[in-house]
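Keeping their order, the protein sequence lines are chains A and H. According to the numbering used here, the first sequence holds residues 2 to 207 in order. According to the numbering used here, the second sequence holds residues 958 to 1189 in order.
Simulated from the structure, these hints should not be mistaken for laboratory data. Cβ atoms here follow ideal geometry from the backbone N, Cα and C, with glycine treated the same way. Do not rely on the hints blindly, as some may be mistaken.
[Said to hold, decoys possible] Here are the computed distance ranges between Cβ atoms for each label pair:
{"#": "1", "chain 1": "A", "residue 1": "Gly164", "chain 2": "H", "residue 2": "Glu1026", "range": "25 to 31 Å"}
{"#": "2", "chain 1": "A", "residue 1": "Pro186", "chain 2": "H", "residue 2": "Arg1137", "range": "35 to 41 Å"}
{"#": "3", "chain 1": "H", "residue 1": "Gly1088", "chain 2": "A", "residue 2": "Asp98", "range": "37 to 43 Å"}
{"#": "4", "chain 1": "H", "residue 1": "Asn1072", "chain 2": "A", "residue 2": "Gly118", "range": "20 to 26 Å"}
{"#": "5", "chain 1": "H", "residue 1": "Thr966", "chain 2": "A", "residue 2": "Asn204", "range": "40 to 46 Å"}
{"#": "6", "chain 1": "A", "residue 1": "Ala175", "chain 2": "H", "residue 2": "Asp1153", "range": "29 to 35 Å"}
{"#": "7", "chain 1": "A", "residue 1": "Val172", "chain 2": "H", "residue 2": "Glu1026", "range": "28 to 34 Å"}
{"#": "8", "chain 1": "A", "residue 1": "Val148", "chain 2": "H", "residue 2": "Gly1088", "range": "52 to 58 Å"}
{"#": "9", "chain 1": "H", "residue 1": "Leu980", "chain 2": "A", "residue 2": "Thr15", "range": "20 to 26 Å"}
{"#": "10", "chain 1": "A", "residue 1": "Asp98", "chain 2": "H", "residue 2": "Lys1029", "range": "25 to 31 Å"}
{"#": "11", "chain 1": "A", "residue 1": "Val172", "chain 2": "H", "residue 2": "Val976", "range": "27 to 33 Å"}
{"#": "12", "chain 1": "A", "residue 1": "Gly118", "chain 2": "H", "residue 2": "Gly1088", "range": "24 to 30 Å"}
{"#": "13", "chain 1": "A", "residue 1": "Ala122", "chain 2": "H", "residue 2": "Gly1088", "range": "16 to 22 Å"}
[Unchecked claim] Examples of chain H residues lying across from chain A (beta carbon under 7 Å, computed):
{"#": "14", "residue": "Thr964"}
{"#": "15", "residue": "Tyr965"}
{"#": "16", "residue": "Ala970"}
{"#": "17", "residue": "Gly993"}
{"#": "18", "residue": "Asn995"}
{"#": "19", "residue": "Lys1000"}
{"#": "20", "residue": "Tyr1012"}
{"#": "21", "residue": "Met1015"}
{"#": "22", "residue": "Gly1139"}
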Amino acid sequence: MGLFSKQNKEVFATPLLNNNPVTVQILGICSALAVTAKLGPALVMGISVTIILALANVVISLLRNTIPNRIRIIVQLVVVAALVTIVSLILKAFVYDVSVQLSVYVGLIITNCILMGRLEAFAMANKPWASLLDGLGNGFGYAIILVIVAFFRELLGSGTLMGYQVIPEAVYNAGYMNNGLMILPPMALILLGCIIWVQRAKNPEL
Amino acid sequence: MNTNSNTYTIVYASVIVIVVAFLLAFVSSSLSERIGKNVELDKKKQILSSLNIDYSKMSDTEVAATYAETVKQDLILNAAGEQLAENGGFDVEVKDENLKDLDDRQLPLYCCQVNGETKYVFPLRGAGLWGPIWGYIALNADKDEVFGVYFSHESETPGLGAEITNEKFKSQFPGLHIRRNGQLSYLSVLKKGKVDENADQVDAITGGTMTSNGVDAMIKDGLSQYANFLNK
């Protein structure tokens, strides 16, 4: 099987859209609500989850034939927790500013159900290379949704993007107001619902 | 090999735990020096930020140099306002001190020179909605007018409580007075529209009431420890 065979491409590509971890598998909703009030944290969270998921998938895939069945979930958890701790220490040592921004989210990564879901469903049964692609695909799929939700929440809720003012002062002077509801968690759920609605309307197979 | 036998399971679990423990200990100890330096540098940046010094374009060494130039002394005071030590306030953990009785606390105070004027910087630490919040407040030499503030937090909600770190919130503080009619009144963080008769006030964050209350309490608690020094 080639490195970029059709099968492997599918492993990478389906989680981006048709088998998206958030909108189709409905995993990781909790963090999608928590970190999407601003675009910056959402982006950072998406990237961190992608990296950790890809690494954890590879490690578990390498160990898959040795892991005793009865303690496999615990082993997966230990691997994820160890990776998260190491990544957070490396960030603290080399890019301190990023680690300050990430402080809360690092803890959230360990509890993200996408990680356990992919480890259990994919990495335990597939080779390391395919697992790496699966991890990257699911990570990106998660990040895309986070960024879309955060884009609308920050734009409509605060009038900014990545912290920069994008809605001009003149619009506010004309009577426009930021929508305070947008920065509250329920709105993230409603936006997510809208994305799922659009996706299912476009693709009747889902 | 039977990977489901009890012996195998126990041995496997032990090996995994030991390997992971060694790995984490190794990474942590080999990076701890670098991390310590970063934490120290970050604290210096926070103090400079409370003095309205823009460090965003400075390199790390420039930040350290500016800090050394600006902060003349990091005193340690006690609650009676007496000086315990001339230096070493920087290394005092405010978090630990807050757990002690007020009389036993070591209170750091940074004496700074900005454009030839003396400023006092006081560390603050309190509780937000989800976790700790902290900051620094700089007063002019009259120990009354606020020169600048810095706030940060560990895990407040982005877009709501986390807005205390925003320029817009912090810019309300400079120029306020912590005294009314000669008496210490500190500052109040109040919902827009409410008026405190007894103290200068700033507007709270909309939707971040608990964090704003935390900031309010943090300023009052933090500064009141220094009451004897402020009244000297």
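Here is what the structure says about each hint:
no. : hint                               : in the structure
1   : A:Gly164 <-> H:Glu1026: 25 to 31 Å : holds, 30 Å
2   : A:Pro186 <-> H:Arg1137: 35 to 41 Å : holds, 39 Å
3   : H:Gly1088 <-> A:Asp98: 37 to 43 Å  : violated, 19 Å
4   : H:Asn1072 <-> A:Gly118: 20 to 26 Å : violated, 57 Å
5   : H:Thr966 <-> A:Asn204: 40 to 46 Å  : holds, 44 Å
6   : A:Ala175 <-> H:Asp1153: 29 to 35 Å : holds, 34 Å
7   : A:Val172 <-> H:Glu1026: 28 to 34 Å : violated, 44 Å
8   : A:Val148 <-> H:Gly1088: 52 to 58 Å : violated, 26 Å
9   : H:Leu980 <-> A:Thr15: 20 to 26 Å   : violated, 33 Å
10  : A:Asp98 <-> H:Lys1029: 25 to 31 Å  : holds, 27 Å
11  : A:Val172 <-> H:Val976: 27 to 33 Å  : violated, 58 Å
12  : A:Gly118 <-> H:Gly1088: 24 to 30 Å : holds, 28 Å
13  : A:Ala122 <-> H:Gly1088: 16 to 22 Å : violated, 33 Å
14  : Thr964                             : violated, 10 Å
15  : Tyr965                             : holds, 6 Å
16  : Ala970                             : holds, 6 Å
17  : Gly993                             : violated, 10 Å
18  : Asn995                             : holds, 4 Å
19  : Lys1000                            : violated, 11 Å
20  : Tyr1012                            : violated, 12 Å
21  : Met1015                            : violated, 13 Å
22  : Gly1139                            : violated, 40 Å
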